[in-house]
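Student: What the sequence shown shows, in mature numbering (1 follows the signal peptide of the UniProt record, and there is no 0), is residues -26 to -1, 1 to 998, in sequence order.
These are computed hints drawn from the structure, not numbers from a lab. Mixed in with the good hints there might be a few duds.
Stated by the list, open to error - Label pairs and their calculated CB-CB ranges:
1. V482 with I889: 43 to 49 Å
2. V36 with T215: 49 to 55 Å
3. T205 with V36: 33 to 39 Å
4. I889 with N45: 30 to 36 Å
5. E689 with S292: 44 to 50 Å
6. S72 with P171: 28 to 34 Å
7. Q223 with A151: 19 to 25 Å
8. T205 with A151: 29 to 35 Å
9. T205 with Q351: 41 to 47 Å
10. A490 with S418: 17 to 23 Å
11. D272 with E689: 56 to 62 Å
12. T121 with G885: 37 to 43 Å
Where is the CB? At the ideal position from N, CA and C, for every residue including glycine.
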Amino acid sequence: MFFVVFFKSLLLVSLGLFGGQFFVDAQQLPQSEVDALNEIVKTMGGLGANWSFNGSACEFKVTPARDDEVNPTTNITCNILNNTRHITTLIFKRWSLSGVLPHQVDRLPQLQHIDLAYNYLNGSIPVEWSSRQWKFMDLEANQFFGTVPAQLGKLVNLETLRLSSNSLTGNLPMEFAELKNLKNFRINDNNFNGSIPDIFQSWKVIDRLELQGSGLEGPIPSSISGLKSLTQLRISDINGTNQAFPEIQNLTALKRLSLRNCSISGEIPQYIWGIKNLRVLDLSFNSLTGELSNVQIDGIFKFIFLSGNSLSGNIPESILRKGTNVDLSYNNFNLPSSEQPACRESQDLNLNLFRSSVVKNNLNGVLPCQDNFKCDQYRHSFHINCGGQNVKVHGSTFEGDGNVDDGAAKSYLNHDANWGFSSTGDFTDDDDEQNTRYIADSDSSLISSELYTNARIAPLSLTYFGYCLANGNYLVTLNFAEILFPNDTTFRSLGRRIFDIYIQDKLVEKDFNIEAEASGVLKPISKPYNVTIANNSLEIRFNWAGKGTTATPKRGVYGPLVSAISVEDLNFKPGKKNIASIVVGVVAGFCILVLVLGILYWKYYVRTKSSKQTDLKGLDLQTNSFTLKQIKAATNNFDSLNKIGEGGFGPVFKGLLSDGTIIAVKQLSSKSKQGNREFLNEIGMISCLQHPNLVKLHGCCIEGDQLLLVYEYMENNCLARALFGRNNCQLKLDWPTRQKICLGIARGLAFLHEESRFKIVHRDIKATNVLLDRDLNPKISDFGLAKLDEEEKTHISTRVAGTIGYMAPEYALWGYLTYKADVYSFGVVALEIVSGINNMSFVPDDNCACLLDWACHLQQNGKLKELVDPKLKSEFKEEEAERMIKVSILCTNGSPSLRPTMSEVVGMLEGTTKIPDAIPEAGSYSQDLRFKAIRDQRLLMQNQSLVGNHAGHPTLAGSSTSGQDLYTVNEESYLRYKATKDDSYEQIESKSSVSDLQLSTSMPSWTGSSTSGHDLYSNHLSSK
């Protein structure tokens, strides 16, 4: 008996001890899941040191990397299952994570809920995910591509599957028919192929089904008729042949039914109007016919959209219910009179009847409820500031519609100006049943013109129309700016706005994308169209066809958007009938004025102008002409706060034109006669040049003593600043960006040398003369030193000028100028791009005098990789880097005849032209040529403590007319050099000769450059 009691006591104690230990272990998350979670976070990217996880307590700590409005959501939930703690919920939402979907998720055996919506994640959906017991999967609003794995059909416990707003392709797997527990299924905004599969028969508990803009084709499967639990059915924009109205009479729980643009024909079934809980009905843009005269509504409709069909008969009073938005536009109803219920204005009803009548050939059909409307007079123009207030731009008053009450079914007439608009659609899921989001606003400082700070937006269709217009030929200008998408690197930038534009029922723009057309957000763009008006009316329609995104950057910002509209009669001349009397008065007054001012005009203006006309003779200007008043207004009278640089010509100012265009104004110093000559030189050449990799010249101003150039403004300054500037000025240039910049420079030079109207040698290619736009596209600037290669002598003179360290040896030593001089300079700049090292800041030693010298040394020792910028770490492709370096060395060969042309350089960089297996090595003679000028210059700087320009680049002046200001050329040395050239080089370069240059036997004279990248933008570069 004693032993029995003893063993029972011992057993209880043991169970207590081990049971306690077991309890502790159950609270501890397995290390395998902790490791898997950390790997998952690493694979998705973007958190780094901001993330930490305590497995013992299942606690995480994460800090947003930026302070913005995206409100990222994170949740890790752990639960005890089978006496062991496991991760069951994983949420990283709105983090803008930029990695890929983590396959390590399959190491979380009890995970049931995963939400990675609203990120930058890309790649395909892993097949490994198909073995989980998940209930919830949300991958909405990312960048996923490829097909959806058929294996996901094995996730039989799945209740929610959201794949919207991605780039998924292929067919929807038939295996999805096994997902019998699905309650929420959304695949909107994708690029799927094929027909909608018949997979719905077993989805008995589905509550929400969305296939809007999915890319799938019709018809709609009949099995949808059995989904009795559906409260929301949304299918839109499916192609295919016409189909009958789906049999959905059993879907009595519906609250929202959208079958928009689904090629549905026939009549609307009567049972639709009897669904008691139906709040939203959207059957717009189908081929529906029949009458609505017998409609009896039992439901609680809030929105009825029937636009774009062929419905006929009278408009029933039964659908005109208090608090309802009804859109019947673009149909064939009987024309209602002003006395009928449909024409009675009501504050509790939004009703859109624009072009709802069977009458199409007169204004009464376009504008119902306007009995026997007639035009008292005909207008020749109108201007609209869409979504804004009245504003005057370029002498025209743009009338605003920003004070018009909004609605999901809205038509508006401006009787004073004979124009109006029609707006259709409700933004889904924006929690705004008051419909207040039809005007877009922007407070960005990048949008300064009042025409672009506001815009009108519509979810489905937006039509602006003009009436009582004189027939004739018109210019219609549509103005846009994407002001609702942010200029950042969050998931919000993945938003895509795509819509179609019709003018007079003719499609003029298919899949129009404002951001793509303007090359960025918050950038204005204007689209002009020539239009013929023959029936005294004009119609401009913006239509959303289901493409783009509906959930990013947030819900309620998709659909067509327009900022301003300008309509002008091309043939109309104001006051033409009274021209005779006006001419008499003007001529008389003018004659008197000429008599009074003639002498003053001749004395103070003509003399000055005549000298400028002499310089301008022969210049075929292809630019706009600005007045001094316009330039002063743009720069706030040359306010010092707008000054962005100081060049040899004088200051450079940032300006803002009245149309919102940001410009850079180069103001020629009135003290510099040589500057005037170079200024006119720039106008003569740049006005003829248009290329994506050349800085665009908007125009010029020659008024009084003012000589001004108006350039496009470059947001990211110059390449030198991006690579070598102070730490707070440098830009993070990854390898693809560096490749793009290098190739862009090459294309720009190839255009100058071989494709432009004038064949031009730039002569001063360097990093400060390569500017970068908002998207880091390179644009070559500064043609003040360029040489026109024309057969006949022109007024534009040739001078020896350039920057030591970038000048070809034959040009630096003897002044022999050919296109190959630019090729050499490009090679040096390309080496700077690869290495991130400023050639003029290179620290020399006994072996290497400059960056090029070092590159040649590394090539000879087979160590080219050491030249690549350490800031790139390992994030570059060795093959591509080696190609760029080899091309650079080939370009900087000491012998011009051995250098490639710039078109050949473009081919080698693009990979379409083979780089010579053995890069030609010029002998010791040319090696001396390449580095002699560098070594001599360094010695000169040491002896005289010479200080260069802003960037530390000593530059040869090219703007003086005296021999002392020119870099000297020793004629005897030149002739000796010329005698050493081979015959092929003699033939290739026969157009350039010493007669083009001013020769002197004096010592070199060094001075700061009068034309460089600093003329456009200030660049105070720190030495590396």
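Student: Check each numbered hint against the structure and report the violated ones by number, ascending.
Tutor: 4, 5, 8, 9, 12
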